[in-house]
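K.L.:
Fit chain B to the given chain A structure using the hints.
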Amino acid sequence: MKFLSIIFASLLFVLNPVLAQESKARKIPASELKTLDGKTFHTENFSNNGKPIFISFWATWCSPCKKELNAIAERYEEWQEQTGVKVIAISIDDARNTNKVGPYVNGRNWEFEVYLDTNQDFKRAMNVNNVPHSFLLNGNGEIVWQHNSYSDGDEIKIYELIKKLAAGEKIEE
Amino acid sequence: MKNKNAIFIPLKNSNLLCLSTFIFCAIFCSSSVFSQDKDVGSIHGNFQTDVQYYNVDTVIGAPIVPEKLLMNGFANIIYTKGNFNAGLRYESYMNALQGFDPGFKGNGIPFRYASYSLDGLDVTVGNFYEQFGTGLILRTYEERGLGYDNAFDGIRVKYSPLSGIYLKGIIGRQRLFFDYGPGIVRGIDGEIMLNELSEYFSEMKTRITVGASFVSKFQRDQDPIYNLPENVGSFGGRLNISRGKISLLSEYAYKINDPSAVNQYIYRHGEAMFLSASYSQKGLGIVIAAKRIDNMNFRSDRNATANNLNINFLPALTKQHVYNLAATLYPYATQFNGEMGIQGDLIYTIKKGTLLGGKYGTGLNINYSAVNNIHTVPLDDLNEKRIGYTSDFFTPGDEVFFRDFNVELTKKISKRIKMNLMYVNFVYNMEVVQGLGGKGTVYADVAIADISFKLSDKSSIRTELQSLTTKQDLGNWATGILEYTYSPSWFVAVMDQYNYGNTNPDQRIHYVTGSVGYTKKANRFMLTYGRQRAGIFCIGGVCRNVPASNGLTLTITSSF
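Residue numbers (the working numbering), protein chains in the order written: chain A, 442 to 614; chain B, 195 to 754.
This is chain A alone, in the form it adopts within the complex (with noise of 0.2 Å):
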């Protein structure tokens, strides 16, 4: 028990001066992804300019995340002139599937940022229990909301988060 309490107390330690800060909204881990083409990609370099980033964690073996993203991708001319909102998958296959990433996107014609995150190093980072599992972004690259699991629909609600966004309005939820 001594063990534990410990830790409890270093823990309490650590998140004290963290939680006595008002609340500030946290940025992009560091960690490192693979865009399609074998270079690296430094998650910190994540932009688009000032306006709103939506990105979600998928797999090619996942039935919801591919809904999710394929019913985005027929609104994302429409979301992108919109709102100038950026859409980022993040491809958590491993060496079974990377491979059949990239086909698969141009497939479906997807316009989207797609890396690979092959060992999920930045879903760990992330704290992504499973997939799908989205983000949203303000424009200082703050992420203010986050969402577990894909429904039919999901994506009018996250279209209308965006539009608040890209407007500069705060999302409170």
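Source of the hints: derived by calculation from the structure; they are not laboratory data.
Watch out, some of these pointers could steer you wrong.
As the list claims (entries may be wrong) - Just so you have them, the derived chain A footprint on chain B, three or more residues with Cβ under 8 Å:
hint : segment
1    : 265–274
2    : 470–478
3    : 539–550
4    : 673–683
5    : 708–716
Backbone N, C-alpha and C fix where the C-beta goes; we use that ideal spot for every residue, glycine too.
P.N.:
This is chain B only, laid out in the frame that chain A set:
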């Protein structure tokens, strides 16, 4: 206080000391950081728990659970401040759910680390996951749903001396439940991205990456009979080339003799090769791939079996199915001792406004994979050199392990109706893949219709109808699923799996489950009640057997 039930933190005393030191260091680091500026960093994490209450159900052969209630729980807590990260994972199994290895028992912190990066140097101490290339000689990862975690505890250094050159070195021991495996693993990896080296190369349309790695494990030889290698080295090389729409991946790995429980202690070397080519343009994607594995089981304990202490990762070169009957009855798992396989995959979007494309376009996916054994010539030297056999690199054997031909159509019929249709044909060597002598080979056809109706902007109904027909094993199955979702929070589903073709009329059982789920942002709650069929649950080609069960399951996942 002396705790006799050492399951509490079964990390040994020395580790305990390390951990405390580590935490105090973390505090010390962060507090000195706090005094410097106002950015105190952030704490975030996630949580998951699965709790199951088990009913007695002798009809489906559900094992008796004396505890009646079992629970798996996890929480990750990560502290980030600029380039510094520290984190830990608390795990709790009281006791582990049915189907998980009973080695997971009690509570503990099997995962904790600190890392920082500065000027191209990245240092991690404590636990970490790592992958060299595609993982043919080294990959550690976690798959919570499978109880799979072969994380290292040790030190990792990554350094990029020049743009385009990436070096990594690791040393560590691997996690085995709440303990460590006996072996020490050392590895180095280098990768050169030609196009990042200079401006001249960056203009090139052809993109080239070359990489090489060396991994070695050390484990004492205490065997009374055999003279076993204490240091086992392996090396691998890879070359990836892409130009425009075409991309080629290749990787080869070699391992010196490594007698183990999995290969019946033969002294033959091991080899693995993976090749893949793809072509893709808007609306079309094609992938063809080939693989050969020969005696490539590689673990940091030569006596380990099951999913324990794997150093490398050899995924199956077959489609990862998602629909229930196709995914959980006859999934293929890589045969470490030898297999040769090929796979082809075509993804095509039939254009809008054409006869087959209709108003919205139609998605088509055709996939084929075939896996056989490797051709071997036995050496009959088991009492002398124990090399075991010879094998020609390019010759497949005659024994069929697996065939899978499948076609999937994705079609939006109207603004409200979407449909997925799928046909699968399996040939599944149950004797080899599941190691069940006398089970022979299963030939099965699977048909699936997945239709969703949008009732309003927020609510929709989805139904899945699946049929699996076979004359072998358990005979025919039918599955029906009805699901109602109300975006973005609710779902309710009922599923029935009916083994109507079982040759034993008493076993023609309905496995009915009902589930309710509620999601609010990053919190998710799910309740499931009913009978669950025994099956093989796989993620990424690693599988675990889940026994039949009857009961109530609560799952909570959350991120913060």
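K.L.:
Hint by hint, note whether the structure agrees.
P.N.:
Here is what the structure says about each hint:
1. 265–274: The restraint on the segment 265–274 of chain B holds, since 5 of its residues have a Cβ under 8 Å from chain A and three suffice.
2. 470–478: holds (count 8)
3. 539–550: holds (count 4)
4. 673–683: Holds: 4 residues of the segment 673–683 of chain B have a Cβ under 8 Å from chain A.
5. 708–716: holds (count 4)
Checked against the numbered hints given earlier, the structure satisfies every one of them.
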